[in-house]
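Heads up: the sequence shown runs through residues -28 to -1, 1 to 127, numbered per mature numbering (1 follows the signal peptide of the UniProt record, and there is no 0).
In case anyone wonders, no lab produced these hints; they're calculated from the structure. Treat each hint with caution, since some may be false.
[As the list claims (entries may be wrong)] Derived DSS-like pairs: lysine-lysine, alpha-carbon spacing no greater than 30 Å straight-line: (1) Lys105 <-> Lys46; (2) Lys30 <-> Lys43; (3) Lys83 <-> Lys38; (4) Lys43 <-> Lys63; (5) Lys63 <-> Lys121; (6) Lys121 <-> Lys38; (7) Lys105 <-> Lys121; (8) Lys43 <-> Lys105; (9) Lys29 <-> Lys121; (10) Lys49 <-> Lys83; (11) Lys126 <-> Lys46; (12) Lys55 <-> Lys121; (13) Lys55 <-> Lys126; (14) Lys63 <-> Lys83; (15) Lys49 <-> Lys126; (16) Lys29 <-> Lys63; (17) Lys121 <-> Lys43; (18) Lys46 <-> Lys30; (19) Lys29 <-> Lys83; (20) Lys67 <-> Lys55; (21) Lys49 <-> Lys29; (22) Lys67 <-> Lys126; (23) Lys126 <-> Lys63; (24) Lys83 <-> Lys46; (25) Lys30 <-> Lys121; (26) Lys38 <-> Lys105; (27) Lys38 <-> Lys67; (28) Lys67 <-> Lys46; (29) Lys83 <-> Lys43; (30) Lys30 <-> Lys63; (31) Lys121 <-> Lys83; (32) Lys38 <-> Lys63; (33) Lys49 <-> Lys63; (34) Lys63 <-> Lys46; (35) Lys83 <-> Lys55.
[To be verified] Simulated restraints, written as ranges between beta carbons of each label pair: (36) Gln78 <-> Lys126: 26 to 36 Å; (37) Gln76 <-> Lys46: 14 to 24 Å; (38) Gly68 <-> Pro5: 13 to 23 Å; (39) Arg102 <-> Asp66: 29 to 39 Å; (40) Glu92 <-> Lys29: 35 to 45 Å.
Think of the CB as a built atom: it goes at the ideal place given N, C-alpha and C, for glycine as much as any other residue.
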Amino acid sequence: MTAAIFRGKRRRAAAAVGAVAFGLVALSACDKPTPLATVTVGSTTVTTEAACFDEGKKLDQGALSKCMADKSVKTVKVQPGDKVRVGVDPKMADKGWLVAINAQQQTNQLKQTYTSLNGEQLFVNRMEQRFEKDVILSVITEDGVWNVKLELDKG
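Please build the complete structure, drawing on both the sequences and the hints.
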């Protein structure tokens, strides 16, 4: 009788140890979540994960260019007169970040968690002196790039 009780306790203990070990292995396989960037236009908000992110490692120019060229991104429509609000994770703000439109820098390095931009001005191509119908807004830190497509909606 007592042998059966001890055998049951050993099985439960072995099962508990196995469950803990499995849980630790499963957790170690999970990637650490990347910070998010958020773009809000009017009542529409889009949150995006990084096109490229290598926490703590500076992206070289080639990687940066490749990341900003990623066009498979979420889209937000912008009407004339709209403000485009860009927000970042506090950890990103602490390190410093900037906004680029079609790989052209729009802001100096920022340390706050958000900025507001004149939506209409983001579509002006100064080189060719014309309006673009869509642009890629990139949030850039030294170790990551987040992209959102903005489409001009003339209503």
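Against the structure, the hints come out as follows:
no., hint, result
1, Lys105 <-> Lys46, "16 Å, holds"
2, Lys30 <-> Lys43, "22 Å, holds"
3, Lys83 <-> Lys38, "25 Å, holds"
4, Lys43 <-> Lys63, "25 Å, holds"
5, Lys63 <-> Lys121, "24 Å, holds"
6, Lys121 <-> Lys38, "16 Å, holds"
7, Lys105 <-> Lys121, "11 Å, holds"
8, Lys43 <-> Lys105, "15 Å, holds"
9, Lys29 <-> Lys121, "26 Å, holds"
10, Lys49 <-> Lys83, "27 Å, holds"
11, Lys126 <-> Lys46, "19 Å, holds"
12, Lys55 <-> Lys121, "15 Å, holds"
13, Lys55 <-> Lys126, "14 Å, holds"
14, Lys63 <-> Lys83, "10 Å, holds"
15, Lys49 <-> Lys126, "9 Å, holds"
16, Lys29 <-> Lys63, "15 Å, holds"
17, Lys121 <-> Lys43, "8 Å, holds"
18, Lys46 <-> Lys30, "25 Å, holds"
19, Lys29 <-> Lys83, "19 Å, holds"
20, Lys67 <-> Lys55, "25 Å, holds"
21, Lys49 <-> Lys29, "33 Å, violated"
22, Lys67 <-> Lys126, "36 Å, violated"
23, Lys126 <-> Lys63, "36 Å, violated"
24, Lys83 <-> Lys46, "25 Å, holds"
25, Lys30 <-> Lys121, "24 Å, holds"
26, Lys38 <-> Lys105, "22 Å, holds"
27, Lys38 <-> Lys67, "22 Å, holds"
28, Lys67 <-> Lys46, "25 Å, holds"
29, Lys83 <-> Lys43, "26 Å, holds"
30, Lys30 <-> Lys63, "15 Å, holds"
31, Lys121 <-> Lys83, "23 Å, holds"
32, Lys38 <-> Lys63, "23 Å, holds"
33, Lys49 <-> Lys63, "28 Å, holds"
34, Lys63 <-> Lys46, "23 Å, holds"
35, Lys83 <-> Lys55, "20 Å, holds"
36, Gln78 <-> Lys126: 26 to 36 Å, "21 Å, violated"
37, Gln76 <-> Lys46: 14 to 24 Å, "20 Å, holds"
38, Gly68 <-> Pro5: 13 to 23 Å, "21 Å, holds"
39, Arg102 <-> Asp66: 29 to 39 Å, "38 Å, holds"
40, Glu92 <-> Lys29: 35 to 45 Å, "36 Å, holds"
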